[in-house]
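**Q** In case it helps, UniProt numbering puts the sequence shown at residues 1 to 783.
Rather than coming from a laboratory, the hints here were simulated on the basis of the structure.
Among these hints, one or two may not hold up.
Distance condition first, Cα-Cα at most 27 Å in a straight line; then the derived BS3-like pairs of lysine-lysine [claimed, not checked]:
| id | residue 1 | residue 2 |
| --- | --- | --- |
| 1 | Lys640 | Lys671 |
| 2 | Lys210 | Lys238 |
| 3 | Lys640 | Lys210 |
| 4 | Lys671 | Lys528 |
| 5 | Lys186 | Lys129 |
| 6 | Lys145 | Lys186 |
| 7 | Lys640 | Lys145 |
| 8 | Lys779 | Lys671 |
| 9 | Lys779 | Lys708 |
| 10 | Lys640 | Lys238 |
| 11 | Lys129 | Lys94 |
| 12 | Lys210 | Lys708 |
| 13 | Lys640 | Lys708 |
| 14 | Lys708 | Lys238 |
| 15 | Lys528 | Lys210 |
| 16 | Lys708 | Lys671 |
Everything numeric in this text was worked out from a predicted model, so none of it was measured.
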Amino acid sequence: METVSLATRMRREDDDGIWARSGIRGRDGSGLGIFGPAALATLLLVAGAERANAQESPPPSENAAPSLMDRETRDVAPPGQPISAEEIGFEADKIDYDYGADVVTASGNVHVTREGSRLAADQVVWDRKAGTVIARGDVALVNEKGDKAYADEMDVTESLRDGIIDNLLIVTNDENRLAAERGERKGEIYILNHAAYTPCRVEDDNGCPKEPTWQIQADRVVLDRARELVRYDGARVKLFGLPVIPLPGLRHNIGENGGSGLLVPNINYDRRNGFEIAVPYYWRLASNRDLTITPHVYSNVIPMVEGNYRALLSTGAFQVTGYATFSSQTDIGGTTATTDEKLRGYFAASGKFQFDPLWSLSGSLRYVTDRTFLNRYDISHEDRLRSTLNLERIDTRSYLSIAGWAFQSLRTNEPTGQVPIAIPAIDYRLRMTDPLLGGTVQLQANSLSILRTTGQDTQRAFTGLTWTKNFLTGLGQEVSVTGYARGDVYHSDQNELSPTVIYRGNPGWETRGIAALALDMRWPFIGKALGGAQRIVPRVQLVLSPHLANLNVPNEDARAIDLEDSNLFALNRFPGYDRYEDSSRVTYGFDYTLNIPNFTFDATIGQSYRLDESASVLPNGTGLSDRLSDIVGREQLRFKDFVTVTHRFRLDKDNLAVRRNEIEATVGSRKTYMEVGYIRLNRNVTAGVEDLRDVEEIRLAGRIAFAKRWSVFGSTNIDLTGASDDPTSQLSGFEPVRHRLGIAYEDDCVEMGLTWRRDYQTVGDAQAGNSFQLRLVFKNLGI
Numbered sequence: 001m002e003t004v005s006l007a008t009r010m011r012r013e014d015d016d017g018i019w020a021r022s023g024i025r026g027r028d029g030s031g032l033g034i035f036g037p038a039a040l041a042t043l044l045l046v047a048g049a050e051r052a053n054a055q056e057s058p059p060p061s062e063n064a065a066p067s068l069m070d071r072e073t074r075d076v077a078p079p080g081q082p083i084s085a086e087e088i089g090f091e092a093d094k095i096d097y098d099y100g101a102d103v104v105t106a107s108g109n110v111h112v113t114r115e116g117s118r119l120a121a122d123q124v125v126w127d128r129k130a131g132t133v134i135a136r137g138d139v140a141l142v143n144e145k146g147d148k149a150y151a152d153e154m155d156v157t158e159s160l161r162d163g164i165i166d167n168l169l170i171v172t173n174d175e176n177r178l179a180a181e182r183g184e185r186k187g188e189i190y191i192l193n194h195a196a197y198t199p200c201r202v203e204d205d206n207g208c209p210k211e212p213t214w215q216i217q218a219d220r221v222v223l224d225r226a227r228e229l230v231r232y233d234g235a236r237v238k239l240f241g242l243p244v245i246p247l248p249g250l251r252h253n254i255g256e257n258g259g260s261g262l263l264v265p266n267i268n269y270d271r272r273n274g275f276e277i278a279v280p281y282y283w284r285l286a287s288n289r290d291l292t293i294t295p296h297v298y299s300n301v302i303p304m305v306e307g308n309y310r311a312l313l314s315t316g317a318f319q320v321t322g323y324a325t326f327s328s329q330t331d332i333g334g335t336t337a338t339t340d341e342k343l344r345g346y347f348a349a350s351g352k353f354q355f356d357p358l359w360s361l362s363g364s365l366r367y368v369t370d371r372t373f374l375n376r377y378d379i380s381h382e383d384r385l386r387s388t389l390n391l392e393r394i395d396t397r398s399y400l401s402i403a404g405w406a407f408q409s410l411r412t413n414e415p416t417g418q419v420p421i422a423i424p425a426i427d428y429r430l431r432m433t434d435p436l437l438g439g440t441v442q443l444q445a446n447s448l449s450i451l452r453t454t455g456q457d458t459q460r461a462f463t464g465l466t467w468t469k470n471f472l473t474g475l476g477q478e479v480s481v482t483g484y485a486r487g488d489v490y491h492s493d494q495n496e497l498s499p500t501v502i503y504r505g506n507p508g509w510e511t512r513g514i515a516a517l518a519l520d521m522r523w524p525f526i527g528k529a530l531g532g533a534q535r536i537v538p539r540v541q542l543v544l545s546p547h548l549a550n551l552n553v554p555n556e557d558a559r560a561i562d563l564e565d566s567n568l569f570a571l572n573r574f575p576g577y578d579r580y581e582d583s584s585r586v587t588y589g590f591d592y593t594l595n596i597p598n599f600t601f602d603a604t605i606g607q608s609y610r611l612d613e614s615a616s617v618l619p620n621g622t623g624l625s626d627r628l629s630d631i632v633g634r635e636q637l638r639f640k641d642f643v644t645v646t647h648r649f650r651l652d653k654d655n656l657a658v659r660r661n662e663i664e665a666t667v668g669s670r671k672t673y674m675e676v677g678y679i680r681l682n683r684n685v686t687a688g689v690e691d692l693r694d695v696e697e698i699r700l701a702g703r704i705a706f707a708k709r710w711s712v713f714g715s716t717n718i719d720l721t722g723a724s725d726d727p728t729s730q731l732s733g734f735e736p737v738r739h740r741l742g743i744a745y746e747d748d749c750v751e752m753g754l755t756w757r758r759d760y761q762t763v764g765d766a767q768a769g770n771s772f773q774l775r776l777v778f779k780n781l782g783i
């Protein structure tokens, strides 16, 4: 006796494209489902054979829905294989043949095989003249794909693929289930009466029958192959055995336009907009193009419409997203800018195209009508929107990028005229092998043009050459020698409009030459410790570089510098090209690693010393302004997959005061865990001298699974920055930014949850207050 295995979450797509779909994400990242299990409804009937009997279908039953549970039936073991595709293999306790009627009747434990399909029944009558096979009593059919169908009686063609089936249960090879009282075909019309579908488990962990978490029921399902249309009569979704979502008039296309239909709605509430319901409608325009239109209806404000178009081409893919509504706008100061409703919205497009193995084009375009729209409608909390365009050529030895980018600032304290536009930004690199000394040579050419509508404009071009050679000494020391040379040309104007003095540079033309030679040595030592292995790697680096007139040229891309473990041994510890760390220095430190069963500990610590007494271009508070730098380090501890803790620090060289303290920790399993993030920058940087401000912030998040499928989750973000950290700050030292708390349920085929969120900051008409979101996702339900 065969026991059907438990259902899984797997999705499938039939050869005719009935189940074709593309994944859609909501604004919150949740999955959405489409109400359209058409392929299951026609699994047995539409396999493509040429003949099928047709009878009048009975009216839909008023009784309970057809059972989706496993049925007690025999194993569908294959009998002796037929010699050819035209023959049928029979195996039965008794076989009778009526020579006059040309009818074969097999009785008792009957097994039939033809063209990869297998059938088992108590009795099978094969009418060879009519080309039909009637199976009765405990009938089971398995097709060549492994899909199983169970019924009381089947009237099918001799290919075992098409016909009429009573009391049908279909279990696909990925455990999707469809049950119907009767299924039939009339020409190009396929009808299932009193049908039910689910991809959910119908047995518990102990193998006992259970109600599926959700199922779709319909009085009748009609598939019109000529029109490529599926229609449902009396469709409804049952959740936990309760009919919660009626779907009157549900229909959708299949084939080339398959998969169109309504998606799962989103339900939200917030203080400003009131109750919100968003009901997306998905159009599958072609196999490579789709469109989703989502009306957002609010109880307090005018509705908003959202659209998303996606296309996959032979050379690449792109998508376009837009939001539009009419509403009044409140400015950043908190007063209403206009009492009249005006058009407000957001536009975003992105794509990438690969023209050949070497050349590609990628880009994104983002624009919003005002600074508060994205926050007001909970679309995004970004404070800057970046648009880019980048043409690239990449081969094994060279790289070329011709790019441009622009920002739209949504920050309350940033004038629009000061926001930079870069066009063009060109970077070329060529890697070669040194024929004389060995090693690797890299040639780089770079240019950048920065424009502002009411600010400083800067143009830059340089050519650089880097030579690197690595070797291993007889004592096991890893040595790297690097030589670097570069020539820069700058032009700038309206420098006085730059608010930070050290970033301005001199107006007009400026040139600069850069040279550096570096020797970097590591000496690894490995040994046993605590039943495991430890590795100690002392490291020392010598960098020789002449003094440069750095402040003569503008600084557009090397701002917000801070000494960290990640840039301690960098040749240039500035983040960009416009500033270069001159003068000679020695950097020293060591790495330590301990590996024992289930436990790993890594640590790095180091410091640098400047060899000459020339004034440094590095501002105070960066940890690099004096000859002896601050001490920086990092430790990371890992225990199995349960605990990960990373700590980064910077200690003042004079009094060991903590200038940087950063902790990231995760404790727990996938179901129950806690995450902690904390950072404090205590750099004592003078206001107006450097972009990177002192800050203190803590972030907490966690989830607790309190039952097999239930969990609670939450997160909080608190700004701890006060006047002692940043004299320009107006904060009290404890300012909550956002809290979130929710409860969720998840099993093999459904996700649902309720989330409360409180925002504490008001920016224009994006007001502080509470919001609620109800999330419901049906897995395996189409898209």
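**Q** Give a verdict on every hint.
**A** Structure-based check of each hint:
1. Lys640 to Lys671: With Cα atoms ~16 Å apart, Lys640 and Lys671 stay inside 27 Å; holds.
2. Lys210 to Lys238: Satisfied, since the Cα-Cα distance of roughly 14 Å is no more than 27 Å.
3. Lys640 to Lys210: Violated - the C-alpha atoms of Lys210 and Lys640 are around 37 Å apart, more than 27 Å.
4. Lys671 to Lys528: 36 Å, violated
5. Lys186 to Lys129: Roughly 21 Å separates the two Cα atoms, so the pair holds.
6. Lys145 to Lys186: Roughly 24 Å between the alpha carbons, so the hint for Lys145 and Lys186 holds.
7. Lys640 to Lys145: 41 Å, violated
8. Lys779 to Lys671: OK: Lys779 and Lys671 at ~19 Å, within 27 Å.
9. Lys779 to Lys708: It holds: about 18 Å lies between the C-alpha atoms, which stays within 27 Å.
10. Lys640 to Lys238: 42 Å, violated
11. Lys129 to Lys94: 21 Å, holds
12. Lys210 to Lys708: It holds: about 16 Å lies between the C-alpha atoms, which stays within 27 Å.
13. Lys640 to Lys708: 23 Å, holds
14. Lys708 to Lys238: Satisfied, since the Cα-Cα distance of roughly 22 Å is no more than 27 Å.
15. Lys528 to Lys210: 55 Å, violated
16. Lys708 to Lys671: 10 Å, holds
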